[in-house]
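*Asks:* Protein sequences appear in the order of chains H and D.
Residues 1 to 614, numbered by this note's numbering, are exactly what the first sequence covers, in order.
Residues 1001 to 1519, numbered by this note's numbering, are exactly what the second sequence covers, in order.
Since the hints were made in silico from the structure, they are not lab data.
It is possible that some hints are incorrect.
Straight-line Cα separation of at most 30 Å, DSSO-like style, residue types lysine-lysine; simulated pairs [said to hold, decoys possible]: (1) D:Lys1176 - H:Lys196; (2) H:Lys126 - D:Lys1456; (3) D:Lys1154 - D:Lys1176; (4) D:Lys1516 - D:Lys1486; (5) D:Lys1154 - D:Lys1095; (6) D:Lys1264 - H:Lys169; (7) D:Lys1516 - H:Lys527.
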Amino acid sequence: MPNTNGEKWIKFLRAYGPVPEGNSQEAEHIEGLSKKLGIPRLAFPHPLDKRFSSMFKTAEAKKVAVVTGTAGDGKTTICFELTKVLSGNAPDPASTSVCIETFMTLPEYGGEEMTIIYDVTGWRQKNEDDTLIDEHVQILENAAKYAAGTGGTPFLMAVNDGQLHELAKSLPKNCSSQLRKFFDELLLMHAAAQGKSDELPNLELVNLSSVPSDHLMEIALDGILSREEWSCLDQENNTPLFGQYSSVVANYHLLKSEAVRERLLNLAKLADACGYHLPMRSIILLLVNALLGHPGFSGKLVKPGVEAERNFAEDSRYKAALHKNIFGLNLTKEERKKRVLYEFLANLRVGEETTNDIDELIIFGDKHPDFKEVYSDLVAADPHMQRDPDLVRKLADYLKGEISSDFEVQEFRTLLCEERKRLFLHASQVQFETFNLWVTCVFHHAGHFIKRILLPIATEKNVDVENIIELVAGLNRVWTGLLIRDDEHQIYIATGLDISTAPISDLLIQKIDAYLGQEAVGITRRKIDDRPEFVIQYNGKRFAFELTMQLYEFLMRVAKGAMPTSFSSEIYSNLQAVKQKALRTLDLKPNANFMLLLDLDDTGRVRGVPVSLK
Amino acid sequence: MTENSITKKENRQPWTHGMESDIWVCEAIWGHRLKEQPLHALLTEFLNMAEGMLRQKKFLDETYPDQSVQYNARKAKELRIILFHNPTLEQIAEKDIGSNDEAWALWIKNIQDSSRSTHPSDYTYLKQRFPKFRDFVNRVHLVRRSVMNPGNNKKWSHQLLFPMGPSALYVPTDDKFGRDRTLFTRSGEMVYLMLSRADQSIRDELSELLSHKLMPGTQKDNITLGLLPGGPGQFDEPNGGTYLPYKSHPAYNRLAEDLLNLAKLGLPENDVFDVMKHIIAFNLYLYALETSNHWCGSTSPATIVCEIINTKSDVVRQYSGVCKRDNEDKALSAVENYCNQLIASNTILCETLADSQQTEAVKVASLNEFMTSELSLKNPITKTTVEEYKKEVLRLAKDSCRRNVIPALASLGRIAGLTTKQGTNRLRYAPSDSLIRALVLANVPGRTEEVKLLEKLFSRYSIVITDIHASKVLPAQYVESSHYEKNKERFTRRLMALGLATRMSDACTYVVNPYKDAI
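Only chain D is shown next, with the shape it has when bound in the complex (with noise of 0.2 Å):
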């Protein structure tokens, strides 16, 4: 273990407030817990998390790894039966069935009968509001427009909005407005959590730029206000329980700066949500994969070779593919390596195992009893050797990393739109013009040359897209110079084809960040 590792003891708390899973390997070494998450869900979970911490002013406070951080959330339930599960508005709009009231009268009858099984509820406080049935139904339309993925979410209680003002925000359910964690899996709060345990410094800076973002009053928050009932009882959803293991960690200050240099642009109203996402979907994915490197024995950040979008195959391809797969691959050995330091790290179950005067009975007793509590087993492992059943803790252990934690990486990327299968039947890295712009907008102080911006990316997040960055970490033959260069001029011209670079010649190209006047 190395001097600055992440897994040293005294960087790590253990989680004491239940363990969900069937074995606790995985969400010891990268929290409880990575999953699979659309962009939008892992987005609007952080937000939530944040607008709950914000509401106890306690918004960026540190927090530490055995802390069970709580927050409540909006259910939003009244509202999201008038956007997502109301088939009788359009109807009543379409037929004239006569006055105004009348119209209220059959809506709210409708949907009071419709819900009455999920949420009974009045909803005759939207009659006070909306004066004209038609003026409700115009605010229903046009609320519904902010509904982010459309068409990608089946279940109505999934349906979120843009995050354009605290009202917007909710916790997804099951139809029946019970507990759902498919859509909110947790990464989001593990995004808070990370922020949180960045430097005071940056985390003071970004709390005072995001808490006007998540604050109400404003005209978009009001759109969505209108239609929510007044009075106690909205934050009706106490969440937390999200376990982040490390008290320092490299990601977590990345993370925090990029958002802040983001939040620092000024974008008008909610927009910078937008680039965001990709960005913190990315350093998400790099705080895995370097966790991953950590418990490998190995302090640097994963090498991330990106191919810039080509028409054919060449080296930068190739190994961007291997790249990738190595990358994420390596969760498996982190895995092994986690379990084995663990029996390790107990002296009395290792001086135990050691003792030939043992039968091979008592030794698996020992490690059962140890293991057991340790990675909270949920279902016994009755094995009669300490070999087999090390053996099975390892098989349990890496299956649910197979299961979770790789998914979950290969979605982070393509979600980051870190990685791609375009021209391909297999997912590489090659950054899509979102992630490339976010990160421009991220690292780009108003204008910088090309170069400075490319080492930037290779010392800051480990990219490679150079034929001298690939030539420091690639073995040589992966390092094809030509094909290099001629990955890092499709980047010049991505990036002037976005508006994001000026070329004032072959050999100088200026990266701008368009929102930065300042030079």
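Only chain H is shown next, with the shape it has when bound in the complex (with noise of 0.2 Å):
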């Protein structure tokens, strides 16, 4: 039993985190050991706290809502919340348990009935075709009511995804249609990303896996670690625990860091444009695995007692360094292939890019009197003792010559890995700049892409010309398989004799100029969910593909140089689709009397070769 404020403390959070016991955030667990430690939850404001206000919070706003999302959204826990406020009271335990709560509103909120579905998951009960029980089927039609505006009574419903297909299959035959267009109207919102519904004048979907991960990031970092029980940081700072040798006092230093803070927001930034979004759970486990993680003590997470005094009796915060918990490296490889978090993580293979700027300063750094001062600044600096004492032996034997076996050139390498993770992780943002520490993960143009697109468009400002333009040179490549040199302004919708997306094609259909502005080519904010897209406008239509991180770095390292094929060929086929796509919205067809064939001289110039088919 945990004594101090701070050992609670500890014991508290370590049930947020990738905890063995398998019950780790789970509400029941976490409200007992609330209650037991005298702990309040963690909790957030919501970024859609506004729209739920709009939608419920005034006696004219009666709607029916569906709030749906990845498991770990939140789902539950704002309806909670907004029974506490709309009833006036808790949620009736009797009613949670069941997983549904009928009340009155409030006067100011309509003071009518209300019926809230906690958790689709409690509808268990089935008919024997598998179709809802009548009882179920009975609250569905009040809500389709409700949402046509013909009767029934306000609904608030959390169901993930997937379960909102289980439902809609699980209607009775004998249901009304009103209630199949509904479900239809549902499923179509979902399908669209589409908030609120064209048929149905009451209706809205909340998805959760909507907001930013980086929003998320942001109200995470600040919710834990503005909490007031860090004080024990200064008040049990002479124990195991806190003291001086601890990695729960470093790693919650450095995740203070403005650097990581930065570096962790542009991940789950980075996490959006790749198509992962980082539900408030996951993030939370990252966070609390990252402060408490820990190799040496059973469930990988710091524990209050003796294991504490066991582990931080001498220092060797580098075993449980920050640089390594965030990537989860404290955990077994089993348990982070169970976690997509980590799976995402370990996908961009941050450290593990090789890079002869940064290796150079890692191996040659105290040595070089050119590299000495920015070694000082950037890899000598370690003030928590993150970086493993290995490596510096390592680096010896290394020069020395003296690393020879399958073995120790593996562990090498490793620690190499680790070492460009602590860069990538604690550089400042002056020094990641500088260096571009992008080039030690597999997205060699993530800042650019950060700075370049996700930040304009987030802005509502225009996206560079110039960028626009590396992009065309890109797309030039993948879909001419020319390395076109000039005129990189133009795009070259060109097909090859077979197929419009031969590796060559050089069959010009038309040429389209991105100097031509936003009227032509542009990146845009995609309004179904603010992600940027590439829009490319001929002739009066329109045609736009999402431009995600991957797509964005596979064109411009192929702009570069990088031969299409050997960086991604799923990305080069995704890509000759768009293109297909694009010939086939832009109406893009060859002349059938005459032919332009693209051909480059030796300096990578491009001329039209005329050709008469009559």
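Need the complex rebuilt from these two chains, each delivered in its own frame; the hints are there to steer you.
*Replies:* Okay, here's the thing in structure tokens:
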């Protein structure tokens, strides 16, 4: 049993981490622990609070809402909060145990009956033919009526997106056509990422996964690091748990630093740009593991008591260094594999890309006079002792040529990877940009993408035409197979003789000039989900495709000369499909009587060779 | 025989236009004929017939099993000599031999000399079309780029062009432009016949959409057309005589619907053929397996347990191999059942064979007379007892099946992208990215839930990827839920990597047809 406030706090936080008991962040477990330890749960203001207020928190606004999202996005928590506000009472435990509650809203919110379904998982009871029982159908019928504005009662339902489809399938044959329409509309809205229904006046769909991951990361960082319980770091600094050798203290201070915060926010932005949404539960898990992760403890998380005394008896902070914990390296491979979050981070391969400049600095930095100053600022600066002391020894062995066996080589490489990870995470923003530390991960151009694409479109500014032209060069390379060195502002839409996506496509159909500005070629914010899209317009027709991080990286690399198929054959074929769609959507067709064959001279200048087909 | 079996007599018509094989059993079961064929040849053979029928204004008109459907195809002798049997073109182009006229004169002399024995022709029409010899050389180089399967065909007369228009369609021949059925084995013509027996509404729509792809006058068609001589005599190869035994078959509509869905995507130019080729081979494979099943007394389609390429062996991999062998080997049982049913269908013969008054010699003679006529036996069978005679017929029929049908099945599975040896030394069902993509394009109308796609793949093609479907059709020892769950997870990841899926959460993934905007 923990004795001090600090010990209680650590024990409490552990429940949010990747604990092996399998009840990580389970509501009941945390609620129980919260009561037992007297520590309030972690709570965060939700970015969609305003939307919920406008939907429910006035007498006029009476909506039927369905809240959906990935597991861990906080659907049930939001429903609990709304029940408290709208009814003036805490959710009734008898109702929450069956996952549904009906109550009267306060007069200021309409003073009428309302039903909230906290979690559809609770609707396990089904008819023999696997359809919903009458009682549940009746609840949904009421909601459907209200959504259509023809009666019924206000309604809120939390359902994950898979369950939404299941529920639609479980409707009995004899349910009303209104209820069927209600679900058809919901599924359409879900697939189209549409928030409000065009058909049913009172229906809204809130997809919590649409909240940008970096917003959630920001909220979680602030929410966790600003907790007053952290005062234990000062008050109990004479204990091993929070003493000079404690990894918790080091990681807390590092996590509070501007550099690490900036890096985490960027990683969250990248997650969205790569199609990985990070739900709040995963972000909390990431941060708690970053703070408490330690391979020397049972469950791989710091634990108060004898284990802390033993592990923190001497300085072993490097074992639980932040740059290792962030990527889940304190956990086993199997434990990491279970979580999409760590899978995403592993796919980024941070620190695993070899880079001459950084590696030179790490290996020769303290010896070479030209590097010494930079080395001292970027590499040697390590106030929280995060660097693995073994690396120094291995570097010396490497320079003496004493690393020869496969095992030693592998060990040395692993240490180098970890060191690159450390620099990636700890470098100040200036250092990060000076050395372009994105090159240590798979997305060398992630910095550009964030700064030149995501930032302008988030602030409704135009993306600079130079950035568009760089992408045009990449597109030309993929779509024509030619490394065109001039006229880079022109998109060459050309086909092959056999198929339009032939590796060498040099039968020109149309040139579209990027300098014609937003009218012709541009990067804009997609309305449905605020993601960036690359737009080509021609002759009154518009074609757009989502500009993901993967596509951006691919296009930037091929624009600089990388072979399109050597970097990623999958992205290459995806871009070829985009080309087919562009040809179709823009209705670009070759002239039957005349042909212009693209040819490059020795300097990469393009010239069109006319061919008459008459 | 079950009610809806394709083997019912009223659903079949015998072939009366000459039986080319030594023993007409495999042909009577699967058609004349199912034989190994490269993917590009399967596609172009089908398109040659389609284009020929289009010219006759009979494109996708209904056909019947006993009808010998005829069409004319190009041999395109001049075009093929110019493209593939023209060794001096580059030499003349590279050498500075003086004026343009001199270059033309030298090349025309060379080509006429070298092709005199195979196809004496006048090539001066080219000089009129390409006043500059260099332009002609460039055009030849350009058209050569559309050769399908480059590097894999050793014979110049077997080189085929991508079907960018009707002028790129012709039949392969031997080196002297004689008839050659080694590349166009008739399987492509069987595909056409399958389509011609699909429901009329599907045929009408498909005909409308495919006709545009086979019409002359497009830019790419004109590129090749410029090398062809004009005038009559272009369509100099009468073709036909392909047999497809069944009036109706579940595979006909399935193939036609798949092709129709692909045609409706509106892919630019003739890109759709590049996707269709996988679907055609896949459906032909399914047709053959399903036909075997029907002859073995089952009307359910063959189960196709697919491993989504894994790095290590598991239950899914094991059963995908077992299932492939079982499915293909069923052809031998089909042959046996066919022979038995054939004898049983002749009551007079059965009475003779059962008549104890008759000598064995008389019985064998009766059997021989019947079998020689029905199976078009080319070589006499000299056996003294009925049992020996039957065994010998069966041996010959199974040999023919082992030589032709089973390799054809293995080949169809491989070229469709359905089977692979990747990571092992035995073939198994493990669909390639190209096939997965083609199946999504043919079966996803815009956007659909992944579970719905999996359900459709199961109900339509009997493709098993998940444990839900595995448990419905497989023996219990081959249903290891966790392995199938991982298999499904790999499927999801493949779809995502191919840009064909969006994962909303662990519980929901949408499969997206990238060419369909509608939801």
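*Asks:* Next step is simple, just say for each hint if it's right about the structure.
*Replies:* Here is how each hint holds up against the structure:
Of the supplied pair hints, the one linking Lys1176 of chain D and Lys196 of chain H is violated, its CA atoms being roughly 70 Å apart against a limit of 30 Å. Of the supplied pair hints, the one linking Lys126 of chain H and Lys1456 of chain D holds, its CA atoms being roughly 25 Å apart against a limit of 30 Å. Using a Cα cut-off of 30 Å, the hinted pair Lys1154 of chain D and Lys1176 of chain D holds, with the two alpha carbons roughly 15 Å apart. As the CA atoms of Lys1516 of chain D and Lys1486 of chain D are separated by approximately 29 Å, the hinted pair is consistent with the 30 Å bound.
Taking the CA atoms of Lys1154 of chain D and Lys1095 of chain D, the gap is near 28 Å; set against the 30 Å cutoff, the hint holds. For the hint linking Lys1264 of chain D to Lys169 of chain H, the alpha-carbon distance of about 28 Å falls within 30 Å, and the restraint holds. Distance restraint check for Lys1516 of chain D and Lys527 of chain H: the Cα-Cα separation of roughly 19 Å lies within the 30 Å cut-off, and the hinted pair is therefore satisfied.
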